[in-house]
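Q: Note that the protein sequences, when read in sequence, are chains A and B.
487 is the number that our numbering gives the last residue of the first sequence; the numbers go up by one with no jumps.
130 is the number that our numbering gives the last residue of the second sequence; the numbers go up by one with no jumps.
Rather than coming from a laboratory, the hints here were simulated on the basis of the structure.
No residue lacks a Cβ here, since even glycine has one placed at the ideal position from N, Cα and C.
It cannot be assumed that every hint is accurate.
Claimed, not checked - If you want the ones that stay clear, here's a sample from chain B, every Cβ over 10 Å from chain A, calculated:
(1) Ile44
(2) Gly45
(3) Val79
(4) Arg81
(5) Leu99
(6) Gly108
(7) Ser124
Claimed, not checked - Examples of chain A residues toward chain B, derived with CB under 8 Å:
(8) Ala402
(9) Ser403
(10) Gln428
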Amino acid sequence: MYNFIYHKAESLADASMKLKGADDGSVLAGGMTLLPTLKLRLAQPSDLIDLGPIGDLRGVTVSSGAIIIGAMTTHASVAKSADVRSAIPALANLAEGIGDAQVRNRGTIGGSVANNDPAADYPAACLALGATIQTNRREIAADNFFNGLFDTSLEEGELIKAVSFPVPSKASYEKFPNPASRFALVGVFVSQTANAVRVAVTGAGQEGVFRVAEMEIALSSDFSPDAVAGVKVASDSLNSDIHAGADYRAHLITVLAKRAVAACK
Amino acid sequence: MNAMDIGVSYDTDGQLLSGSYIDYCISLIDSLTSFEEGNAVKRCAHNNFGSKSCGEVGAPLVVTNIIVDGLSPLGVSGMLMPAISSIVLEAI
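All chains, full assembly: derive it from the sequences and hints.
A: Have a look at this one:
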């Protein structure tokens with residue numbers, strides 16, 4: 223690990239100001255990606271601005287038809303939240319399946335969404351549930367937020383305050399975990415609302431999370447596992463690595479989409 | 039680990055691809071189902087000790103043979119380690 227200056231942020235405005243004042247600052251949320259990256263000397267920020275002390279970034283609130291989760295809420299808190307469990311059980315299940323107990327007790331939803339790891343679980347939930355990312359400056363629809371590998375629409379100094387998930391009629395997330403890291407080798411999130419079906423895939427795309435229009439159309443007229451059984455995502459734009467080739471990932475997308483539809487509640 | 043989770047692998051430049059536990063899987067408590075164990079001892083007839091090559095770990099082979107045995111009704115007669123899901127699917 224290289225040296226850096228450590229700051230405690232008192233508020234998002236304070237964090238944004240400290241970030242502006244730093245040569246090459248990084249924001250620390252749960253640190254479940256950032257800290258290993260620093261330990262391996264793969265990054266060398268001049269300053270680390272810790273969002274940990276900002277208490278009002280933690281917690282789940284219920285508003286009309288939506289679940290709003292503060293950016294610094296840990297995966298374990300989301301998994302344990304009775305409000306999340308009753309409104310969007312698929313989201314509580316997703317949080318419960320992230321990494322391991324240690325990661326779930328440190329890692330945060332804001333950190334996961336801001337990092338946009340191509341194999342992270344939360345981006346699939348955001349995209350499939352049509353979430354809104356609330357920042358210190360504006361609200362961004364999930365459809366306009368994820369811009370490819372580790373890239374988002376967040377501008378310099380823009381920080382996530384909360385993520386708002388509209389409550390669907392039904393939803394389910396099915397994940398085939400990478401046996402080593404427990405990241406998604408492929409994860410498929412399916413949701414149904416009064417006027418739309420959305421299917422989002424994580425872990426598979428070279429450019430990160432994406433929606434599968436063909437499955438959404440098929441499910442809109444017939445919401446059943448059979449409706450997606452024949453839909454294959456082309457493997458050209460999918461990841462290939464030591465854990466699985468692109469063809470196998472394409473195969474898994476269809477299998478997991480079927481399972482997700484069957485498990486939707 | 040070598041039997042079921044992930045092998046040690048390198049890219050064409052010799053770079054180790056499974057260099058951390060994010061990529062190289064350590065078996066965890068939920069990696070295996072519960073099973074009964076037993077030993078079948080057959081002494082080697084070709085030396086005085088009755089030993090087959092010392093220090094050789096047999097478990098990965100046993101695990102792989104169990105998988106092949108389970109899949110034999112589907113026509114699988116052999117498989118390379120590690121039996122990760124994509125390799126198992128291909129074998130079937």
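Q: Would you say Ile44(B) is clear of chain A, with no C-beta pair closer than or equal to 10 Å?
A: violated, 6 Å
Q: With d taken as the least Cβ-Cβ distance between Gly45(B) and chain A, does d exceed 10 Å?
A: violated, 8 Å
Q: Just double-check Val79(B) for me: nearest Cβ-Cβ distance to chain A has to come out over 10 Å.
A: holds, 33 Å
Q: For the restraint on Ala402(A), tell me whether the closest CB of chain B is nearer than 8 Å.
A: With a minimum Cβ separation of about 4 Å from chain B (threshold 8 Å), the hint on Ala402(A) holds.
Q: Does the claim that Ser124(B) lies off the interface hold, with its Cβ farther than 10 Å from every Cβ of chain A?
A: Ser124(B) not clear of chain A: closest Cβ-Cβ about 4 Å, inside 10 Å.
Q: Confirm or reject: Arg81(B) is not an interface residue toward chain A, with every Cβ-Cβ distance exceeding 10 Å.
A: The claim stands: Arg81(B) keeps its Cβ more than 10 Å from every Cβ of chain A (closest is about 37 Å).
Q: Evaluate the condition: distance from the CB of Gly108(B) to the nearest CB of chain A exceeds 10 Å.
A: Per Cβ check, Gly108(B) is outside 10 Å of chain A; nearest 18 Å; holds.
Q: Should the label of Leu99(B) as a non-interface residue stand, given a Cβ cut-off of 10 Å to chain A?
A: holds, 20 Å
Q: Per the CB criterion, is Gln428(A) less than 8 Å away from chain B?
A: At about 17 Å, which exceeds the 8 Å cut-off, the nearest Cβ of chain B leaves the hint on Gln428(A) violated.
Q: Return the status of the interface hint for Ser403(A): holds when the least beta-carbon distance to chain B is below 8 Å, violated otherwise.
A: Nearest chain B Cβ about 5 Å off; hint holds.
Going through the hint list in order, the structure does not satisfy hints 1, 2, 7, 10.
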